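Student: Read top to bottom, the protein sequences are chains L and Y. Under this note's numbering, the first residue of the first sequence carries the number 1, and numbering increases by one thereafter. Under this note's numbering, the first residue of the second sequence carries the number 1, and numbering increases by one thereafter.
Hints in this document: simulated from the structure, not taken from any laboratory. Careful: at least some of the hints might be erroneous.
[Said to hold, decoys possible] Rough simulated footprint, nothing fancy, chain L against chain Y, three-plus residues with beta-carbon under 8 Å:
1. 33 to 46
2. 54 to 68
3. 80 to 89
4. 132 to 143
5. 162 to 168
Everything numeric in this text was worked out from a predicted model, so none of it was measured. Virtual Cβ for every residue (Gly too), placed ideally from N, Cα, C.
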Amino acid sequence: MNTLEERLGAAARAAAGTVADGSAPPLVLPRRARRLTWRIWDGGRHPWLVAAAAAAAVLALISASVFAADLVPGARSRAPKPAAQLADGAPAYFLEFPGLNQVTAGMKRVAPIIGRSVTRTLPRKPETLRIVATATGKVVATIKMPGYVTAIAASPGAFYAALLLGGVTRFYEIRHVRPGVTTMVMLPIPPDRAQVEFMAASPDGAKLAFSTLAGRGPNALNLAVASTADGSEREWTTPARYSAGSMGPMNWLADGRTLAFNWSGSLAASAVISLRVLDTEAPGTDVMASKAVLPSVYEAHAFSSYTTLSPNGRDVVGVASGSRVSQAPQGSVVAFSTATGKPAALFRASPRSICFGLPLWVSNAGSVVLAACSLAVKPTPPAMQGYAVSILLIDHGHATRLPWLDATAEGFTAFP
Amino acid sequence: MEPKLLAAQGPARSQDTGARAAVTALYQAHAVGLIRLAVVMLGDRSAAEDVVQDAFAGLYRRWNHLDEHRALGYVRASVLNGCRSRLRAKARDERLAAASQATAAAASAEQAALIGEEHAAVLAALRRLPDRQREALVLRYYLGLSGPEIAASMGIHTGTVKSTTSRALAALGRLLEETR
Numbered sequence: 001m002n003t004l005e006e007r008l009g010a011a012a013r014a015a016a017g018t019v020a021d022g023s024a025p026p027l028v029l030p031r032r033a034r035r036l037t038w039r040i041w042d043g044g045r046h047p048w049l050v051a052a053a054a055a056a057a058v059l060a061l062i063s064a065s066v067f068a069a070d071l072v073p074g075a076r077s078r079a080p081k082p083a084a085q086l087a088d089g090a091p092a093y094f095l096e097f098p099g100l101n102q103v104t105a106g107m108k109r110v111a112p113i114i115g116r117s118v119t120r121t122l123p124r125k126p127e128t129l130r131i132v133a134t135a136t137g138k139v140v141a142t143i144k145m146p147g148y149v150t151a152i153a154a155s156p157g158a159f160y161a162a163l164l165l166g167g168v169t170r171f172y173e174i175r176h177v178r179p180g181v182t183t184m185v186m187l188p189i190p191p192d193r194a195q196v197e198f199m200a201a202s203p204d205g206a207k208l209a210f211s212t213l214a215g216r217g218p219n220a221l222n223l224a225v226a227s228t229a230d231g232s233e234r235e236w237t238t239p240a241r242y243s244a245g246s247m248g249p250m251n252w253l254a255d256g257r258t259l260a261f262n263w264s265g266s267l268a269a270s271a272v273i274s275l276r277v278l279d280t281e282a283p284g285t286d287v288m289a290s291k292a293v294l295p296s297v298y299e300a301h302a303f304s305s306y307t308t309l310s311p312n313g314r315d316v317v318g319v320a321s322g323s324r325v326s327q328a329p330q331g332s333v334v335a336f337s338t339a340t341g342k343p344a345a346l347f348r349a350s351p352r353s354i355c356f357g358l359p360l361w362v363s364n365a366g367s368v369v370l371a372a373c374s375l376a377v378k379p380t381p382p383a384m385q386g387y388a389v390s391i392l393l394i395d396h397g398h399a400t401r402l403p404w405l406d407a408t409a410e411g412f413t414a415f416p
Numbered sequence: 001m002e003p004k005l006l007a008a009q010g011p012a013r014s015q016d017t018g019a020r021a022a023v024t025a026l027y028q029a030h031a032v033g034l035i036r037l038a039v040v041m042l043g044d045r046s047a048a049e050d051v052v053q054d055a056f057a058g059l060y061r062r063w064n065h066l067d068e069h070r071a072l073g074y075v076r077a078s079v080l081n082g083c084r085s086r087l088r089a090k091a092r093d094e095r096l097a098a099a100s101q102a103t104a105a106a107a108s109a110e111q112a113a114l115i116g117e118e119h120a121a122v123l124a125a126l127r128r129l130p131d132r133q134r135e136a137l138v139l140r141y142y143l144g145l146s147g148p149e150i151a152a153s154m155g156i157h158t159g160t161v162k163s164t165t166s167r168a169l170a171a172l173g174r175l176l177e178e179t180r
């Protein structure tokens with residue numbers, strides 16, 4: 001045999017030659033090519049969901065991998081429903097995966113929300129997602145998923161869910177088209193056996209970034225970015241010397257190419273959480289080629305949990321672990337300038353109100369934040385230890401409680 | 001009144017029929033070629049057929065969002081993605097299950113019997129390369145695609161194709177030397 005190229009070409013042709021002309025099996029196509037919108041109709045008077053009809057519709061459409069979610073009109077009411085005056089830019093809707101936190105006697109509503117996705121034991125039954133209006137708490141759509149939801153994400157135009165079904169992860173795009181019409185379509189991202197742990201959608205919805213719970217290659221693969229249009233993927237692996245580390249929640253910056261992600265464990269001996277930024281269009285496949293943001297602030301343990309980089313990249317927003325570095329009491333929501341490293345308190349905690357976890361949503365400039373906080377309540381219900389968890393809208397230092405989102409504080413959420 | 005389900009009607013239905021016909025025609029014209037491509041990548045006829053079926057099903061679902069003239073490129077990229085995913089899953093399974101070594105050995109022996117020891121050795125080395133290198137070599141030396149065509153199929157810059165191919169050939173040579 002001659003050159004390596006010729007040997008390769010000959011070998012490939014020999015392998016291809018085992019497939020005879022005309023031997024392709026018949027093509028089996030799913031039932032529908034388009035994104036469908038199904039509606040439940042009761043004669044034209046009221047749009048009603050009837051459970052059996054919805055279940056039948058969902059089952060039929062799941063088989064085609066493209067289906068519309070069943071809709072629940074007359075959504076459950078949650079507390080009072082003022083039409084909230086939300087800050088400019090606050091997302092109108094968010095995706096919610098309800099009731100994840102552990103609820104045990106005497107500890108109700110005190111389990112922390114650790115991010116927009118959580119590691120957990122999978123339930124026995126397929127699950128339900130909800131699309132909720134931020135200003136009222138009204139559930140505008142309930143979506144019965146055909147498998148186990150392991151992560152959710154949102155862009156201004158759509159929501160996304162990673163689903164584990166039959167041991168394989170698939171990705172779905174969900175759109176709330178208009179009242180009464182919600183669609184869901186399976187994305188062409190190659191299915192994978194690794195469980196997706198954290199996920200974020202780019203601002204234009206063109207890309208999904210996700211981290212996997214288990215390694216997916218010769219090295220431990222931690223991160224992938226996939227096109228929602230054609231499923232093409234780009235992957236980053238973690239060098240073996242960083243194998244003790246793990247990915248955390250992530251978010252895209254407004255430029256649509258820079259991804260900020262939380263990282264637990266680093267070269268430092270302590271398992272400090274840090275924030276790193278990765279240019280997803282730069283060459284390379286090494287996760288740790290990303291850059292650490294304000295490393296001295298993180299190494300001083302300024303934050304109590306995961307953090308978010310504002311979409312404009314100018315502020316790191318999180319909950320303070322104490323006043324030594326952040327100059328605000330523990331449980332305050334603080335923003336550190338990435339340019340100067342100086343902190344600013346967006347919300348100062350008090351003994352009666354302490355925030356925790358990852359901010360649920362951060363505005364482009366980092367000055368408006370939705371955060372979960374423990375608030376002292378009176379009279380004290382015995383099961384709540386005197387506190388209830390609620391969502392606060394923190395707008396340029398002014399905090400407003402959104403009581404209609406109290407129930408949301410017990411689940412996990414994806415805000416665009 | 002009993003509720004009833006209303007599906008999309010009229011133009012939507014005709015669009016659906018048109019997409020089905022177009023995708024079926026594309027399949028008839030290119031399925032064998034794409035299965036061959038997947039066989040080269042995977043070494044497994046059954047898995048290759050599944051990957052191609054999935055790619056065309058994906059094409060069908062996205063038909064109304066695609067430029068018809070780029071459909072073949074889309075489906076070829078989907079086949080490459082599918083092969084990548086299969087190879088990853090296979091590698092994981094083989095690492096996890098000791099018993100699979102016997103299965104892999106049997107499959108390898110079967111392939112060698114079909115295409116010859118020399119070709120089987122080259123293909124085995126090819127499948128040990130990183131995804132991008134393997135795909136660049138197959139697109140270049142099996143399909144005979146040009147640099148821009150390879151770049152479009154793999155979603156990389158044209159300038160990267162040459163360097164990737166060059167590195168891949170060097171790596172392939174080293175792997176073949178090791179197995180001598």
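Student: Does each hint fit the structure? Answer for all of them.
Tutor: Checked hints:
Judged by the Cβ-Cβ criterion of 8 Å, the region 33 to 46 of chain Y is covered by chain L as claimed, because 7 of its residues qualify and three suffice. Given as covered by chain L, the region 54 to 68 of chain Y passes the check, having 9 residues with a CB less than 8 Å from a CB of that chain where 3 are the minimum. Counting residues of the region 80 to 89 of chain Y whose C-beta sits closer than 8 Å to any C-beta of chain L gives 6, which meets the bar of three, so the coverage hint holds. Only residues whose beta carbon comes within less than 8 Å of a beta carbon in chain L count, and the region 132 to 143 of chain Y has 4; three or more means the coverage holds.
Given as covered by chain L, the region 162 to 168 of chain Y fails the check, having 0 residues with a CB less than 8 Å from a CB of that chain where 3 are the minimum.
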